[in-house]
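Protein chains in written order, with my numbering: chain A, 8 to 347; chain B, 8 to 347.
It is worth saying that the hints were derived from the structure and are not from the lab.
Hints should not be assumed to be uniformly reliable.
If chains are identical, the list can't say which one is meant, so a pair holds when it fits in one copy or spans any two.
What the hints assert, rightly or not - In silico SDA-like links for lysine to any residue, alpha-carbon gap of 20 Å or less:
1) LYS220 / ALA260
2) LYS320 / ASP175
3) LYS320 / GLY174
4) LYS42 / ASN106
5) LYS214 / ASN188
6) LYS320 / ARG298
7) LYS43 / LEU65
8) LYS320 / ARG304
Quick caveat, the model's predicted, so the values are computed rather than measured.
Protein chains: 2
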Amino acid sequence: MADEAESVFVGIDVGGTNTGAGMVDAEGRLLATVKKRTETSDGDALVRQLAEMVRELLTIRSAKAAFPSSPETGALRAVGVGIPGFLDARRGVVRHAANLPLRDFPLADRLGALLGAPVILDNDVRMYAYGEAAVGAAAGYDDALVVTVGTGLAAAVVHRGRLLTGGDLAGEIGHVKVDGNEYACGCGMSGCLETLVSAGGIVRQAKELMRWKPSVLGEWFPERPKAGRLQAERSMTAEDVARAADLGDAVAAEVFEQTGRALGSTLAACAALLGTDVMVIGGGVSRAGERLLSPVRRALSERLHPLHSERLKVTAARWTDEAGVIGSALAAKERGGHTV
Amino acid sequence: MADEAESVFVGIDVGGTNTGAGMVDAEGRLLATVKKRTETSDGDALVRQLAEMVRELLTIRSAKAAFPSSPETGALRAVGVGIPGFLDARRGVVRHAANLPLRDFPLADRLGALLGAPVILDNDVRMYAYGEAAVGAAAGYDDALVVTVGTGLAAAVVHRGRLLTGGDLAGEIGHVKVDGNEYACGCGMSGCLETLVSAGGIVRQAKELMRWKPSVLGEWFPERPKAGRLQAERSMTAEDVARAADLGDAVAAEVFEQTGRALGSTLAACAALLGTDVMVIGGGVSRAGERLLSPVRRALSERLHPLHSERLKVTAARWTDEAGVIGSALAAKERGGHTV
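Here chain A stands alone, though its shape is the one from the complex:
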């Protein structure tokens, strides 16, 4: 029987478009990864695809190289799956997942049966937060708040290396209404924080400000093409706004200032309640770096007692996609892995 050092854990980050899987050792070192377009025809087909990805990881060369003493590969101890949507994590059931063919689907049991290993399930943002807490920017801190800003906005709390798993609505900070914001949100409400703090929110704010102020974004993405010019071939993205900010564009700078401030102001009370030591900002929009982080810091230090704000670190996530995979694997190790 393989000893503890040869145990491996697989984490899977299921997305509406792509799904990544990675194999880690007991220390959280990433040994191999694989990525596929997500199978969305039905739940059973998705489960077969996930099982296939796990088997692929277990047999690829890089894994073998890491475990020379093992005849085939390390022994699979547990699998963790991160899913965007409403879950019953304790029972391993996906209640509803956006853009995935899963409704009240017992994913953990089905995948576990195919693999002969325990499978645990959790929200993708919580898995990501756990990865950042274990081997990322939140590692070594007692109280971390991990925020992901991408298509949506969500957060998770890590306390002394353990993920605080609240009810199925925990982490949904994107749908808190903020003062002075009236944008309609996809959730049916208006004024949600996510209508500002998200990739779409950044574009929305830029388009609004462009109506009143000159901006290079207006040249790149003219609302009505000028004579002799072509209509922009694609829609504006948050990356475009970041690029404009880099060129010193005042509108783009103001958009990031508003976005960071909205996030920092809303999370100040959370940080005070939890005694947060580090706030880690990940997700696609975090690639904007200091443009986003600086106003978050300013808003927090205006609202928190200096004793707290002076020691509260606000930093970008270490990982982009990998934290979700590593976090899923390590959560499986903690909650579902057998010890030898």
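Assemble chain B onto chain A, guided by the hints.
Just chain B now, with coordinates in the frame of chain A:
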């Protein structure tokens, strides 16, 4: 040796003025209490007083009656002490406590040596929250947020019956700055939530509004006594404002509306982050009941997604003083009590 059923645990709630102690059984039933004026001459004198109170509890009649099979009383398993101030809870050291002669004082070790039982230490608000979670208004809920509104304002998080103990600054929601508030705070900042949401904050807001609007409070507490009338013999309290609200006074009603809204608005993001099921409001000001709770609920339902706000219960604490004592005792049972 006494069996498990006869074990008792003592909780002590040390205040700047009075100190309460209570003895509970393993189920958290309060068997006896004792209350004294806090000994504030020095740390050792305070420790001797606390030990004396514990011994008193162990020998009083009500305790004996509860344990007829025991020759003397139940066997003391552990003691929990709640202290207002900055603590190093892990080491059992009081770093600094307002109105108490304790600075870097190893209270847990000193008291433990006198009693021959393990002593654990924690912040008084967290102990109170733990009591409400175990045997009070938050009992049976997965995710509770317990807020105390009294001289100050603080909060604690309970997750599945376990207290989330953050760093030494955790829970200090009173010193989060809120928009549109410029009152100076005792902490050195201005605009802190506590300058509105506290006993003093309620009086402060009432005095401000009385300058512009007629109020029965102006008759009870005239700024300058009218001819033939005496100056009010005492200062206005939050209870007076509550009494005025009961009489339909518009100023008093507006004060509670503002206070509850400020609290609910600030905590909305916390509730969303944690997936809070129940928000329990305790402390002296919570005696104002629905006058305070209704605007908290309104502010929360304006800011949270209906899926969440419709199931989030906002309720007054079950206990006033006793939750601190019971919570301290039960925290001692969980963290410090030997099992037989």
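Structure-based check of all given hints:
Within a single copy, LYS220 and ALA260 get their C-alpha atoms as close as 12 Å, which meets the 20 Å cut-off; across copies the closest is 44 Å, which misses it. For the identical chains of this complex, LYS320 and ASP175 are inter-copy neighbours only, at 16 Å across copies versus 28 Å inside a copy, given an alpha-carbon limit of 20 Å. Proximity of LYS320 to GLY174 under the C-alpha cut-off of 20 Å is restricted to the inter-copy arrangement: shortest distance 14 Å between copies versus 27 Å within a copy. In this homomeric assembly, LYS42 and ASN106 come within 20 Å of each other (Cα to Cα) only inside a single copy, at 18 Å, whereas the closest approach across copies is 60 Å.
Taking identical chains as interchangeable, the C-alpha atoms of LYS214 and ASN188 lie at most 20 Å apart only when both belong to the same chain, with a minimum of 15 Å there against 32 Å between chains. In this assembly of identical chains, the alpha carbons of LYS320 and ARG298 lie at most 20 Å apart only when taken from the same copy (16 Å versus 39 Å across copies). Taking CA atoms no more than 20 Å apart as the test, LYS43 paired with LEU65 passes inside one copy only; the shortest distance there is 16 Å, against 67 Å between copies. Taking the shortest Cα distances, LYS320 and ARG304 sit within 20 Å of each other inside one copy (8 Å), while across copies they are farther apart (33 Å).
Every hint from the earlier list agrees with this structure, and none is contradicted.
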